[in-house]
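Novice: Turn these sequences into a full structure, and let the hints steer you where they fit.
The listed protein sequences derive, respectively, from chains W and X. Note that the working numbering numbers the first sequence so that position 189 is 189, with each residue one more than the last. Numbering-wise, the working numbering comes out as the position in the second sequence, counting from 1, plus 1000.
If you're looking for bench data, these hints aren't it; they were derived computationally from the structure. There may be inaccurate statements among the hints.
[Stated by the list, open to error] Only pairs whose alpha carbons sit at most 25 Å apart, straight line, appear in this in silico DSS-like list of lysine-lysine:
id: 1; chain 1: X; residue 1: K1077; chain 2: W; residue 2: K141
id: 2; chain 1: X; residue 1: K1317; chain 2: X; residue 2: K1303
id: 3; chain 1: W; residue 1: K188; chain 2: W; residue 2: K205
id: 4; chain 1: W; residue 1: K127; chain 2: W; residue 2: K33
id: 5; chain 1: X; residue 1: K1269; chain 2: W; residue 2: K188
id: 6; chain 1: X; residue 1: K1276; chain 2: W; residue 2: K188
id: 7; chain 1: X; residue 1: K1303; chain 2: X; residue 2: K1269
id: 8; chain 1: W; residue 1: K174; chain 2: W; residue 2: K188
id: 9; chain 1: X; residue 1: K1276; chain 2: W; residue 2: K174
id: 10; chain 1: W; residue 1: K19; chain 2: W; residue 2: K32
id: 11; chain 1: X; residue 1: K1317; chain 2: X; residue 2: K1276
id: 12; chain 1: X; residue 1: K1077; chain 2: W; residue 2: K152
id: 13; chain 1: W; residue 1: K32; chain 2: W; residue 2: K141
id: 14; chain 1: X; residue 1: K1168; chain 2: X; residue 2: K1198
id: 15; chain 1: W; residue 1: K33; chain 2: W; residue 2: K152
[Claimed, not checked] If we take Cβ atoms under 10 Å as the criterion, some of the chain X residues that face chain W in the derived model are:
id: 16; residue: K1077
id: 17; residue: V1080
id: 18; residue: V1114
[To be verified] Label pairs and their calculated CB-CB ranges:
id: 19; chain 1: X; residue 1: P1192; chain 2: W; residue 2: A224; range: 36 to 44 Å
id: 20; chain 1: X; residue 1: A1118; chain 2: W; residue 2: A34; range: 49 to 57 Å
id: 21; chain 1: W; residue 1: G106; chain 2: X; residue 2: A1117; range: 26 to 34 Å
Because the structure is a prediction, the values reported are computed rather than measured. Cβ coordinates follow ideal geometry from the N, Cα and C atoms, glycine included.
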Amino acid sequence: MAKHNNRRRSTMLSWAVMKAGRALWTMNAVPKKAVYGESLRSFSGTEFRRWDPSRSKLGAAIMRTRRDPSWLLPVEGTTVLYLGAGHGTSISHLHDHLCGQANDLGGRLVAVDLAPRCLRELTHMAKSRPGLVPVLGDARKHAAWGVLLPRKVDWLFQDVAQAGQVDIFIGACKRFLNRDGTGLLSLKAASERWTGEGEEALFEKVEHQLNTSGFEVEERISLAGFEDNHVLFAVRKME
Amino acid sequence: MYFGGKGEDGAPNRRAMWLWYDWRAAAIADANGSILDDEQWDGFHDQRSIVSRLECIAEGGLTPEAMVLLERFPDAKPRVHGEPDLPDADWPLPDDEAQQAADEAAIAMATRGVAQAAGDPDRRLEHLMRASDEMRSTFITMEARLVEWVGLFLPEARFGQDRSSLGKTVGEAESLEHLSKTLGVSLPPVGPDKPEWKALKEWGQSVAVFRGQLDRLENGIRHLSLQHLPSLSALLGPLLAARLSVEAHGRMRLARLPAGTVQVLGAEKAFFNHLKTGAPPPKHGHIFMHPWISRSPRWVRGKISRTVAAKASIAAKIDAFEGEPWGEEEMRELEQKVEEIRQAHPSPPPRRN
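Specialist: Pasting the structure below:
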């Protein structure tokens, strides 16, 4: 029966995100252009960009989660907040999903990063990808860019890899995330103070802190294999 | 304006009012969240005005609309949009068109912020420093090869300490014979064939070019370092000052480091080895390059580098917070101190067993 089934099984996680075997693909919002040298491929006439999970913690979490991975993605066409934008690998794929070509879906992706070097790539990307709003600023200084988010969002991602990342996340969620909204925190163990009790204890502690700060940790996703010593906490805001 | 009566216990019973504002509107609401007044601005087709408003808010200032309302309601507490203590109310939020304009302004601000990073002397210094390090290692390798290569054909040639002009000499020579005359050595019977000589000659030219480039890079560092780190440069010399600043990831960060860290900057490997295994801690990092330390006897180097690092740390703070820069006088004072340490410890301490 499986004789003819030599193609890898592919499932759509959203209208634009596809999981094919061990690879992720997103429908390219800017056809024929690769953002960071990833491969482009047509699936039945539509061009997709390969989403490399070892270069994107969001991608890694989608590969590793034990639940329905589409739950980790925001609803397309909404406004989302992304703290710690980096060089825009995840951002570009998220934009594919959120906004589509020429921002057909009317999504807004507010991406904050502190480093001018990272923003250089992002501002360049923003020219061809309407809906992407890069902000050069500190994730902790809400006053500087908070007015760009007139309403609270339903999806917030944070990847800042600096000490106190949990407090930054809790503060940002309190101010910008809707009740019942999804918050994703990528935690790098090495950025936190070493307590001598090991990584597992650190992750436990963070989970406890999140659970007692008005969130419910829905899943703790280990990114081992893609990004060592990292976990991604997927939380729901309860109050 | 509503002032309320005095409460039964005599305390003023003034009702709380809130002044909400964002980049294009401001509104007054009472504690129940009913809007009493608002002011809106519709000049958002001018991107520059939006940018200046966004910047004003980022610095914690009030927009013109907020100021108008604050004059009308001096008791209202001004809060920018999103502050947690604001009550829920139907604030006049931007419509899609206004939001679009704000997004474009945000992109323009980000672009400008990125462009301004080029004016950051820390980043300029870092590139100069790394470029000069890379150039130096290339130059040393190529020069060593040139010496070996010429030495193969002219075994009598001795270059001694001063190799600085060797590249130039080889690059300008017409032939090996010419070169042997310039260097004043005899010509052995076997020599390179024509293309081989050409390659050797060009290698010499490259060495000369790299040497010039290296000098210019260091000049660039000196020039920038004297402006950016005047006190530290006066104390340690511009090249070492620049190296410390780059190693600390910038002038401000260097200023915030304790002197003990400044002392061992650049000796991270030895330092963490010390923490891990209990090996003796390093006495000096990059600061060792300073002749006061590297030219002093072994047993006082630790003491001197401690003193020098302490002063360097103060100098870095002066530079970062732009105080009156140090100069010759402070440098001499420190030199005197270093000299005193040397005098106090003229011979090595007895061995401990």
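Novice: Give a verdict on every hint.
Specialist: Do the hints match the structure? See the list:
About 21 Å separates the Cα atoms of X/K1077 and W/K141, which keeps this hinted pair within 25 Å; it holds. Taking the CA atoms of X/K1317 and X/K1303, the gap is near 22 Å; set against the 25 Å cutoff, the hint holds. The hinted pair formed by W/K188 and W/K205 meets the criterion: a straight-line CA distance of about 14 Å does not exceed 25 Å. Taken as a hint, the W/K127 and W/K33 pair is honoured in the structure, with Cα atoms around 13 Å apart against an allowance of 25 Å.
At most 25 Å may separate the alpha-carbon atoms for a hinted pair to count; X/K1269 and W/K188 meet this at roughly 23 Å. For the proposed pair X/K1276 and W/K188, the alpha carbon gap of about 22 Å is at most 25 Å, so the pair holds. Using a Cα cut-off of 25 Å, the hinted pair X/K1303 and X/K1269 holds, with the two alpha carbons roughly 21 Å apart. Of the pairs offered as hints, the one joining W/K174 and W/K188 holds, with about 21 Å between alpha carbons and a cut-off of 25 Å not exceeded.
Taking the CA atoms of X/K1276 and W/K174, the gap is near 40 Å; set against the 25 Å cutoff, the hint is violated. For the given pair, W/K19 sits about 20 Å from W/K32 by alpha-carbon distance, which is consistent with the 25 Å threshold. With a C-alpha separation of about 31 Å, the suggested pair X/K1317 and X/K1276 falls outside the 25 Å cut-off, and the hint is violated. A hinted pair counts as satisfied when its Cα atoms are at most 25 Å apart, and X/K1077 with W/K152 qualifies at roughly 22 Å.
Between the alpha carbons of W/K32 and W/K141 the distance comes to roughly 37 Å, so the proposed pair goes past 25 Å and is violated. At most 25 Å may separate the alpha-carbon atoms for a hinted pair to count; X/K1168 and X/K1198 meet this at roughly 14 Å. Taking the CA atoms of W/K33 and W/K152, the gap is about 32 Å. The hint is violated against a cut of 25 Å. The criterion of a C-beta within 10 Å of any C-beta in chain W is not met by X/K1077, whose closest approach is roughly 15 Å, and the hint is violated.
For X/V1080, the suggested interface contact is upheld, since its CB lies about 6 Å from the closest CB of chain W, less than 10 Å. A cut of 10 Å between beta carbons decides the hint on X/V1114: the least distance to chain W is about 5 Å, and the hint holds. Distance hint for X/P1192 and W/A224: a CB-CB separation of about 58 Å, inconsistent with the stated range 36 to 44 Å. Separation of X/A1118 from W/A34 is about 27 Å and departs from the stated range, judged on CB atoms against 49 to 57 Å.
For the pair W/G106 and X/A1117, the beta carbons lie near 32 Å from each other, so the given range of 26 to 34 Å is met.
Checked against the numbered hints listed earlier, the structure breaks hints 9, 11, 13, 15, 16, 19, 20; every other hint is satisfied.
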